[in-house]
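2 protein chains.
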Amino acid sequence: MDDIRKLIETWARAVHEGDLAQVTAHHTDDIVMFDVPPPYEGVRGIDAYRASWPGFFEWQRSGAVFDIEELQVVEGADVAFAFAVARCADAGDDSPVRLRLTFGLTKADGAWQIAHEHHSFPHQQA
Amino acid sequence: MDDIRKLIETWARAVHEGDLAQVTAHHTDDIVMFDVPPPYEGVRGIDAYRASWPGFFEWQRSGAVFDIEELQVVEGADVAFAFAVARCADAGDDSPVRLRLTFGLTKADGAWQIAHEHHSFPHQQA
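Quick mapping for you: the protein sequence lines, in order, are chains A and B. The working numbering numbers the first residue of the first sequence as 1 and each following residue consecutively. The working numbering numbers the first residue of the second sequence as 1 and each following residue consecutively.
Hints may be right or wrong, so weigh each one.
Chain copies aren't distinguished; within one or between two, either way the pair holds.
Straight-line C-alpha distance at most 25 Å; calculated SDA-like pairs for lysine to any residue [what the hints assert, rightly or not]:
id	residue 1	residue 2
1	K107	L71
2	K107	P54
3	K6	Y40
4	K107	P122
5	K107	D94
Hints are computed from structural coordinates only; laboratory data are not their basis. Just so it is clear, the structure is predicted and the values come from calculations on it, not from any experiment.
With the hints as extra help, turn the sequences into a complete structure.
Set out below in C-alpha cells:
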C-alpha cells in the first residue's frame, strides 16, 4: 500500500512540476485515462497520455496548484485501485471544489503500474 | 471476469429500471461514489449511496437511456477495477458525448462487491 501511495504522490508532484518523464514513468502501454477535457472516450495509450500533458504543465507553471488532500488505496496481490481528492486550481482560487481522481493499477515484475486514470470535477449546476 | 461483467451489466440495467434493491445489492458499506453532481467529495456510505438514486430513476422513467457501450474489467484474486463508457441521455438526444464510469471492487466471502464508483462527463468548453 505504501508503494502505491508513494507512486501516486510522486506522480502528483511531477504533475505540478511539469516533469513529463516522472509523470509517465509508471504507466502501462495501454493506459486509458478519462480526462477532464474531451474526448469523452478518454486518452488511450501511453503516447496519447504523454501528449496530453504539456498544456496542463503550462497552466501549473503559471501559478496553479495540484495537491492531493485525501488518498485511499485498496491493494490486492496484483491488482489495486485508489481514489483521491485534490486541489487543482489557480493559486488565488479559494473555491471549495476539488478534483476527483481514480486510479486502476496492475503489478508486473514486482512493480505497480497505472493502467487506468479517471479525472473529473463535479458537474456544476447552471 | 465474467462475474464482474455480469454484476456491472446487471447494475446498469437496474439503474435504468429504477430497481433500487438491485442497484445497491453488491456494494460495500463504505462505498465512495464520485458522482456527476456535487458534492465534490462524493457520496460516502451505503445509506448515502441509496439516497442518491431516486432523482436519477425519475429522470430515467421519463424516457432517458442508460446503456453501457464498452466495458473493460481488470481482475485480480481479491481486488479488481473496471471502466466503462455509457450512453446516458434523454431518449431523443443524439449527442456523441458519453458518461464515463470507473468501478473499484473487492471480494468478500467469494463474492465481488463494488467499493468505489466514479461517474463523470467530460468538461465541455464554454
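Hint by hint, here is what the structure shows:
Taking identical chains as interchangeable, the C-alpha atoms of K107 and L71 lie at most 25 Å apart whether they share a chain (19 Å) or sit on different chains (21 Å). In this assembly of identical chains, the alpha carbons of K107 and P54 never lie at most 25 Å apart, being 28 Å within a copy and 39 Å across copies at closest. In this assembly of identical chains, the alpha carbons of K6 and Y40 lie at most 25 Å apart only when taken from different copies (24 Å versus 29 Å within one copy). When the C-alpha separation of K107 and P122 is checked against a cutoff of 25 Å, the pair qualifies neither within a copy, at 30 Å, nor between copies, at 29 Å.
In the homo-oligomer, the alpha carbons of K107 and D94 never lie at most 25 Å apart, since the shortest distance is 38 Å inside one protomer and 40 Å across protomers.
Hints 2, 4 and 5 from the earlier list are contradicted by this structure; the remaining hints agree with it.
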